[in-house]
Each structure stands twice: as structure tokens, then as C-alpha cells.
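Using the sequences provided together with the hints, build the complete structure.
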Amino acid sequence: MSSTVSSAPILVIANVSKRFGGLQALTDVSLTIKPGQITGVIGPNGSGKSTLFNTVTGIVQTDSGHIRFRDVEISHAAPDHINRLGIGRTFQLTRLFGQMTAFENLVVVGRGSRAEARERAEQLLDLVSLRHLQDEYAANLSYGQQKLVEFIRLMMTDPSLVMLDEPFAGVNPTMERRLLEQIERWLENGMTVVVTDHEMKIMMDICHELVVLDYGEVIAHGEPSAVRADPRVMEAYFGR
Amino acid sequence: MSGSNAGDVFRLSSTPAPMPQGGVIETPLPERESDAPFGTPQQASKPLPAWEHRLGWAYTVVLAVVTIGLIILPSRANDYSVSLTLTVLLTICMASSWNLISGFTGYVSFGHAGFFGIGAYTGALLIYYDVVHWALAMLLAGLMTTAIALVIGYPTLRLRGPYFAITMLGLTELARIIVTSWESLTFGGRGVYLPILYERSEWLTNYYAMLILTVTVVLLSYAVGTSRFGLRLFSIRDDEGAAQAMGIDTTRHKLAAFALSSFFPGVAGAIYARHTGYIDPLAFFAVIWSIRAIATSILGGQGTILGPIIGAVVLTLVSEQVWALDPNAYQMIFGGLIVLVVLFMPGGLIALLQRLAWLPRSRRL
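These protein sequences, in sequence, are chains U and C. Just so you know, we're using this note's numbering here: the first sequence kicks off at 1 and counts up by one. Just so you know, we're using this note's numbering here: the second sequence kicks off at 1 and counts up by one.
What the hints contain is simulated information worked out from the structure, not anything from laboratory work. Each hint should be verified, as a subset may be incorrect.
Stretches of chain U that chain C covers, calculated by requiring three or more beta carbons in the stretch to come under 8 Å of a beta carbon on chain C [stated by the list, open to error]:
(1) 89-96
(2) 100-110
(3) 190-199
The beta carbon of each residue, even a glycine, is placed where N, CA and C say it ideally should be.
Given below as C-alpha cells:
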């Protein structure tokens, strides 16, 4: 896979911790995300993957530590501000606006004028061959179609970093390929992708780097081949 | 677990494998899967009729005809009919303005009674103390309620959940207590008597003021409901967290909708105070003003443009008939009607007509 790697990280997470009551969800997590690459975040259930995504995108505020996106501190910024800085995300379960049509789901988040947003929405629906469903309520779309619309809704906000929370969960192979195509387009356009998923085969295949979380701590970070050989990763997945 | 099992899970190549190449895969998508995450059943998709895009023009024509009809109504109708029409217009103002915040964003406001009372007292006192011309007093009443809405809305609309609804419920009671206690200004529980409007032409100025206010709120509802600002309000109603994650400043949008929403009950309260000629805290801060606005919107269809208008016409006329039949049973029948609507027509009359395919699904309705 082609990528445009530069040395300066696009996202820096430094010593981030987060506790929910008695549960320490993240403990002193530090990692950097390189631009133009796919970085995978894996780990067993409850390892802190979603919490990490939520802290980066402002949905959850950190207890301590710093998160910098393109050298801008975002650890206590609001989600909408973080999105406008250039970080987009999808959710583990798709969160389209169910009472709005597929087309409206795109136009509502579009940047620029309304006419520009409408034109962009039409182009994106054409891109994923869903134009014929543009006037369908999002709630009426199949789960896979909702995933696709959520993917292209991201594009309406012109992000430079996209964070995908379990994009391949529950989708059929056809839809899986279409989502992968979309990710490839993003990379070709110089975007950075952070993805978490339990589909290990896909994660190993598409990611340039993997971060492994376990009990809220980073236990491994590196190329997939190195991570795979790391005994701590084996232990995290199979040894307990 | 053995290492071989681990190898099955972590099957990988040393470098990332190429992604599938080529354009969009032509394989047709499954039409519908059973695991869609949204639980609410939706009506089937139908192509919008060609005339849907002409609804804007249809509105313009209908609104113009109805407005002209309402302008000439007083010259053809008796005082009772004019007064009843004024009540319908008042109900439209209250319901349509409530709909701007609660129907569009899903944040239920119980504060319309408070704004109505505050507007009534602001307008009445400005007239009573002869501070400004009555028309300017109406406008100032609306600006007063808007300012109060901004002050209250800024902290409460930053939070999600029931805080807003509870605060707005408290606003009405707080305002009533302040007005009742501040006797030196408001005459407390004795109320305020305004100059009696003996001449019919004088009395009709209230009717025309209410008509102007109603046309304004209807036009505003259409403008908001069909705009991207309106779509963003709908996105807050559907999933505020997702809206925020997609870059929508939800607090700013809610606050703007709330400010717009609060202006109209303020002016309507001032007009109605001048119309009745006497106001007191119990009558003008009665929670029934909020409940009527909510019930009217629910009956017609909250979150729609036409719903509150249809609801206001139906509810006011039905209320009038029920009152005429049995004033004692009025509130019971009124309450029962609301319960029936909520149970059997949760989307209101507009949704019912859409389910029957008599109306298309359209943001313009």
C-alpha cells in the first residue's frame, strides 16, 4: 500500500490517563500517529480502545496527559472543535441521523455553502453507488449501507485524520471490500487513518503500524510483524 | 493457548497487503438486513412527488390568500368570530414557536408559560406606566423574553438530559413568584388593569398584531425547517453526540433556536394582555399555556412546519365546542384527547396523513 510518510507525527498522545469511577480505563498512554499511514489499535475487549478514541475526539475528557493534533492541544477541546480541526470519526455502532435521509445526513455536516454541500453529497453518494437511496431515511438502510453512508459523511467534513471504531464488525464480505476501497482512497488523498477492529486478518493486512492495548496500557507498538511476535501480545490475547 | 492457534489469528504478511483495486464493486448490496440498529420502524421509501418541490410556492399562495382572508375577516364577521380567530392565532404562535426549540431539537421546554407571562407583564406595565407606544411595548416584551432565554439557555443548553426541561419548569414558577411579590411595580396578586379599548377599531389592533406575529412565526418556521440550520437542529434531536462529533456546535444551535422560540410567546403574551385588559399572575403564568403549546404541536406533528398550525386550528375549535357542551368536563376531555393522540398518533396528524400516503415525507410539510 502506498503511503506518504513524513517524520513529524500528526497526532501525539502523551501520558494520557482516564478513570471511570473504580475502573482505570487508560493508564499513562503515550503514542504517536504518523501521517499518511494506517495505524491499528487492537486489544481484548475492555482494553481501552474505545476510550482512547473517545478521548482523542473529545467525547471523553482526559484526567491527565496531553493530546496534540498538528501541534494544537486538544485534550480538553469540545468534539465539534476537534472535528473542525480535522479529526473525523465513525462509531462502533453506526450513528447516522435515523430520521433524516441519506442525502440530508451528508448535507447537514457539510462545510462551505449549502450548494457546495449538496454537490459534494451527490458526488460522494455516486462514489459509493448509493445515489438511488439518497431520499431514503437512514434508519431504513441496511447496516452495511449505513456504514458506507457514515464513511462518506466523514468526507463531508474534510478530515485529515479519520478514526474508525470497528468499521468491519457485522458487515458482509462485499461491504467489507467496499469499506476497504474507501480507506484506500483516503490514503491516496494523503489522509491518516486510525482504526480499531477485532478482524485480525484485515488489521494485519492493512495497517502500517499496530498499537496493542491491554487493561488500559500500551503493551506493544510497531509494525504488525513485530507486534505479532511480541510475547506480551500473545499473553494479552491468549495467556489470561 | 498454543502458538499455532495464535498464528491463525495473527495471519499476516510482512508489509501491508495491497488493497482491492479497481473502481466501485458492482455487486448489488442487499436490500435490507435485519440487524439495522435503529429500533423505530420507518415508513417505506417512496419517491417524492414532483409537486413536493413546488410546496414553497404553494405555501406562498396559500399564506397570501389566508392572510388576506384574515385581514378582511373583521369587516365581515362578528366580534365572537374575530375573538375566536385571535385565539387560534395565539395558539399557532405558541405552538409554532415551541416547535422551533422542542420539536426541532427534541429539548422539551415547559417554559412557554413563563415567557408568555413575562411578556404579558412587560407589555402591560410599559403600557400602564405609559412608557412607550403599545406597539413598541409588544416588541420590547419579545426582546425581554429573548434576553431571558439567552441568559437561562446558555448554562442549561450546554448540558444534555433533563436539566433544560426542569429549569424551564422552574422559570415559570420563579417568574410568577417574583411578579406576585414585587407589588410596588406589578401590583402583586391584585393584577394590572389596562385602559379599556372601547372602540372596535382600537380593539382590532390586537387582532392585527397577533396576525402579523403569526405570519412571522409561520414564515420563520418554514425558513428554519427547510434550511441547513434546521437540519442541524434535527440532527441534535436524532443524535446530539454524533452531531457534535461531526463538527456541529450543538450548544450554539440550540441557543439560537431557543432565542428565536422565546421571542414569540413574549410578544403574544403582551398582545393578549392588552386584548383582555386585565392580567394577574395566576392566569398568565399558568402552566396550561405550556401544556397547550405542547399538546397542539403533538396533535399536529412536532418537528414539522404545518403540524402546529393544523394542531392549533383543530384543538382550538374542538376546545371551543367541548367548552360549549360542558365547561366542567372540558379539562377532562381535553386531557383525554391528548392521551389518545400520544398513544395512537405519536407523530400527530401530519404523520398519520403520511402513513396513509396522503402526504409525502417532506421537510416542507
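Outcome of the hint check:
1. Counting residues of the region 89-96 of chain U whose CB lies closer than 8 Å to any CB of chain C gives 6, which reaches the minimum of 3, so the coverage claim holds.
2. Counting residues of the region 100-110 of chain U whose beta-carbon sits less than 8 Å from any beta-carbon of chain C gives 6, enough to reach three: the coverage restraint holds.
3. Restraint check on the region 190-199 of chain U versus chain C: 0 residues with Cβ-Cβ distances below 8 Å, three needed, restraint violated.
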